[in-house]
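Enquirer: Below, each chain spelled out in residue letters.
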Amino acid sequence: MDRFARLLTDLIYTRSRNSKLALLADYLRTVPAPDRGWALAGLTGELNFPSVKAGIVRDLIKERVDPILFSLSRDFVGDTAETVSLLWPAPPGAVTPPPTVSEAVSALSAATRATAKPIVAGLLDRLDEDGRFALLKLATGALRIGVSARLAKTAFAQAFSVPLDDVEEIWHALRPPYTDLFAWATGAAAKPDITSLPVFRPFMLANPLEDAVLDLADYAAEWKWDGIRIQLVHAGGETRLFSRGGEDITASFPDVARAFAHEGVLDGELLVRGAAQGGEAGGAASFNALQQRLGRKVVSASMQAAYPAFVRLYDMLFDRGEDLRRLPWSDRRVRLESVVAGLDPGAFDISALIEAGDFDELADLRAAARETDIEGVMLKRRDSPYEAGRKAGLWYKWKREPLTADCVMMYAQRGSGKRSSFYSDYTFGCWTAPEAEGGVLLPVGKAYSGFSDEELRWLDGFVRKHTVNRFGPVREVEKSLVFEVAFDAVNPSTRHKSGIAMRFPRISRIRRDKPAAEADEIGTLRRMIVASAAG
Amino acid sequence: MLTSQKPPRWIKAEREGIHLPTIDWWIDPSRPATNALVTHGHADHARGGHGQVWATGATRDIIALRYGTPTGGRDLDYNEPLDIGDSITATFVPAGHVLGSAQILLERQGERIIVTGDYKRRPDPTCLPFQPTPCDILITEATFALPIFTHPPIEREIARLLAARAANPDRCILIGAYALGKAQRVIAELRLAGYHETIWLHGAMVAVCELYERHGVELGPLALMSEATREALKGQIIACPPSSLNSTWARRLPDPINAMASGWMRVRQRAVQRNVELPLIISDHCDWNELTGTILELSPEETWITHGREDALLHWCALHQMRARALDLVGREEDDTG
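In order, the protein sequences belong to chains A and B.
Taking the numbering used here, the leading residue of the first sequence gets 1, the next gets one more, and so forth.
Taking the numbering used here, the leading residue of the second sequence gets 1, the next gets one more, and so forth.
Careful, some of the hints might be misleading.
Only pairs whose alpha carbons sit at most 20 Å apart, straight line, appear in this in silico SDA-like list of lysine to any residue [stated by the list, open to error]:
{"id": "1", "chain 1": "A", "residue 1": "62", "chain 2": "B", "residue 2": "315"}
{"id": "2", "chain 1": "A", "residue 1": "465", "chain 2": "B", "residue 2": "272"}
{"id": "3", "chain 1": "A", "residue 1": "465", "chain 2": "B", "residue 2": "327"}
{"id": "4", "chain 1": "A", "residue 1": "465", "chain 2": "B", "residue 2": "16"}
{"id": "5", "chain 1": "A", "residue 1": "62", "chain 2": "B", "residue 2": "289"}
{"id": "6", "chain 1": "A", "residue 1": "62", "chain 2": "B", "residue 2": "318"}
{"id": "7", "chain 1": "A", "residue 1": "418", "chain 2": "B", "residue 2": "14"}
{"id": "8", "chain 1": "A", "residue 1": "62", "chain 2": "B", "residue 2": "150"}
{"id": "9", "chain 1": "A", "residue 1": "62", "chain 2": "B", "residue 2": "329"}
{"id": "10", "chain 1": "A", "residue 1": "465", "chain 2": "B", "residue 2": "14"}
{"id": "11", "chain 1": "A", "residue 1": "418", "chain 2": "B", "residue 2": "315"}
{"id": "12", "chain 1": "A", "residue 1": "465", "chain 2": "B", "residue 2": "15"}
Label-pair ranges, simulated between beta-carbon atoms [to be verified]:
{"id": "13", "chain 1": "B", "residue 1": "51", "chain 2": "A", "residue 2": "10", "range": "50 to 60 Å"}
{"id": "14", "chain 1": "A", "residue 1": "187", "chain 2": "B", "residue 2": "293", "range": "34 to 44 Å"}
{"id": "15", "chain 1": "A", "residue 1": "115", "chain 2": "B", "residue 2": "296", "range": "35 to 45 Å"}
Think of the hints as simulated: they come from the structure by calculation, not from any bench.
We treat Cβ as the ideally placed atom computed from N, Cα and C, and that holds for glycine.
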């Protein structure tokens with residue numbers, strides 16, 4: 001654990017990407033198996049100990065440190081694992097040697113709800129501050145130390161001089177501690193063969209179009225559907241649905257999985273039947289409807305009937321064992337059309353191409369799309385291969401302009417991680433009626449992005465100077481600062497007193513010039529709810 | 001001891017500082033005052049524009065350096081009682097914070113009040129150690145008043161600094177350290193650890209280092225960074241104010257390892273936010289155990305808590321059944337003097 005703890009500490013204090021890669025590669029090369037494999041799993045977010053929850057760690061520390069002193073400390077530090085690592089009292093008596101990463105992982109894996117607390121406490125007692133920090137990060141999931149899974153895989157590829165694309169390709173078929181992966185990378189074994197396994201392949205993603213104008217002779221246009229992007233895999237007699245991050249969500253959508261038995265890998269948008277997006281002809285309900293079905297481990301028949309799911313297909317990566325990803329998009333599209341023709345039309349359709357004579361006409365169609373609640377337009381280079389990640393120049397997303405409203409800052413909370421100590425999460429509200437007529441502000445949303453670092457420092461200072469009340473970590477501020485808030489849509493909500501919820505709210509401008517009384521009313525936001533989205 | 005349950009009427013905590021209303025004297029006022037007692041030379045305690053300034057000789061020299069010679073008042077020795085009117089006596093007692101720093105003991109008709117100013121309990125080769133003084137009311141600082149703050153021994157931090165230097169002969173170590181106090185302490189500790197090479201300074205540090213030497217604090221060979229070539233600075237140690245880390249000034253250095261000497265470095269993200277690669281937990285303030293230990297040691301009838309994380313210390317006092325209250329003083333947010 002010492003080596004891993006030192007690696008995390010060094011990574012936190014290292015800014016440059018190349019230095020981070022060098023630290024990671026050195027660790028992966030020099031630390032023996034299986035520790036390095038478990039560490040790689042931790043760095044890529046592949047470890048999960050279902051019985052070890054953040055709540056357990058909080059309970060443990062509150063048995064050792066006064067709860068109020070802990071919560072004040074946690075608020076200052078902005079990270080529970082770090083706070084606990086700093087506060088954990090050294091146990092009396094002889095010091096036992098620290099556990100190895102593998103030893104810690106097997107102890108945490110063996111934990112049940114009943115034994116998790118003594119197991120975690122026993123491990124913490126054997127570690128120093130840095131070790132406790134590393135253990136708690138491993139045990140409770142996301143490390144959040146500025147190393148993405150992609151960076152860790154890149155470091156692996158560099159450490160052993162193997163192609164990164166190969167690592168990505170086989171990654172999802174392998175399990176920690178990645179014995180096969182290290183065996184292949186160190187030349188001790190052949191590359192694992194995954195062709196007959198139902199595994200996730202990395203998605204091809206789009207870049208924002210910004211101000212570019214494209215020639216439609218080179219680019220095909222499709223609507224951008226507002227569901228969740230999924231990959232549909234059928235191999236070795238099994239069907240799986242994977243989300244954007246490669247998470248297996250088959251259990252939530254048994255209706256879709258049952259309907260697919262064509263050997264291959266398809267890329268599409270998971271939607272629910274309805275008439276919000278694109279009207280009757282579009283046939284898809286709002287994202288709100290799809291949300292009813294997300295994150296469920298068991299889906300009842302009535303739920304499947306009330307919110308019937310289907311997949312609108314975009315692309316095809318494999319067809320009966322044949323890898324199509326090097327073919328141009330137009331060829332893959334032809335193959336996809338022929339496969340879709342043979343699928344159950346209740347569960348699958350194909351994302352239609354938009355007929356537009358030129359880019360200006362496409363712009364007009366996009367502008368009109370708000371009426372039918374469509375998120376925007378996708379542009380795909382007709383000769384583009386299917387490349388993992390966000391390669392420049394191949395695929396573009398051209399979202400519709402966001403909606404905006406002027407809202408008043410009401411509460412602020414400190415951020416986490418890089419923003420710890422800064423008041424960076426803001427709750428803002430709109431008026432129930434004009435202030436002069438006795439209207440009050442009610443919260444309509446919360447945002448923590450859209451401002452520059454310089455604006456963040458200013459906002460942090462504003463919060464500190466205008467605090468009127470404190471509720472634990474939350475500061476209520478003087479209701480004087482207006483934000484122009486941008487958002488993608490307004491949905492009805494029973495969770496909020498204002499009766500509405502914004503989709504993807506972010507601060508688009510700080511309106512220091514605008515008096516709070518001139519901010520928008522809730523009624524204005526309510527009118528932005530697309531009538532059909534309610535269903 | 002206190003003559004009644006209520007705080008004495010001859011002392012009052014105002015937003016602008018501690019006020020003695022019967023004679024209109026102030027301690028560390030943030031606004032110009034006719035008579036100011038000043039605990040130490042840091043800018044959030046010592047401001048310009050006062051009429052009479054009463055402080056230790058070193059503190060008055062620091063004030064003269066920053067704001068010009070005060071128009072009135074005089075240098076006071078430690079433990080020399082000063083009669084300031086209305087039967088009130090003020091005595092400056094060593095606080096162990098920086099050169100010249102003092103606690104101020106206020107006495108009137110048997111009532112004893114200590115204003116600690118900023119203080120620490122660790123040994124510091126650049127100033128006299130904190131002198132515990134019995135009192136009825138303790139007015140204490142609370143900069144690091146959270147139990148997460150436990151400062152490691154300074155020898156460990158200096159050893160880490162020297163190890164980083166030894167491991168990177170082609171780079172240099174740039175230490176961000178507050179120009180008054182922290183910088184000189186780090187330099188003096190490096191000398192104690194056996195480091196006798198030239199330490200290179202940012203221009204803003206020179207005058208205070210000279211002032212320390214005039215007051216008898218030996219700092220060894222020092223030179224201006226701007227007088228060295230980039231090549232000559234490889235493997236060297238350079239000190240600058242924290243605000244000069246990552247500045248255009250630092251671009252002349254050979255691939256600097258940014259270090260920072262501050263109690264705030266105990267929290268990883270504070271170091272990351274300042275782009276610090278080598279955080280050194282070196283503080284001129286008490287850590288949590290020293291703050292609470294001092295309160296237990298002096299066990300005053302009442303503790304008043306100034307700038308910092310007063311809520312945690314207030315709660316701790318309540319847990320220990322000690323009377324305490326928080327003062328709301330202006331201009332004392334988290335800063336680089338930590």
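Enquirer: Could you run down the list of hints and mark each one as holding or not?
Expert: How the hints compare with the structure:
1. A:62 - B:315: OK: residue 62 of chain A and residue 315 of chain B at ~15 Å, within 20 Å.
2. A:465 - B:272: violated, 25 Å
3. A:465 - B:327: holds, 16 Å
4. A:465 - B:16: It holds: about 16 Å lies between the C-alpha atoms, which stays within 20 Å.
5. A:62 - B:289: Holds, at about 19 Å.
6. A:62 - B:318: holds, 18 Å
7. A:418 - B:14: violated, 35 Å
8. A:62 - B:150: holds, 19 Å
9. A:62 - B:329: Status violated; Cα separation ~32 Å.
10. A:465 - B:14: holds, 18 Å
11. A:418 - B:315: violated, 28 Å
12. A:465 - B:15: The given pair, whose Cα atoms are some 14 Å apart, holds under the 20 Å limit.
13. B:51 - A:10: 50 to 60 Å: holds, 54 Å
14. A:187 - B:293: 34 to 44 Å: About 59 Å separates the Cβ atoms of residue 187 of chain A and residue 293 of chain B, which means 34 to 44 Å is violated.
15. A:115 - B:296: 35 to 45 Å: holds, 38 Å
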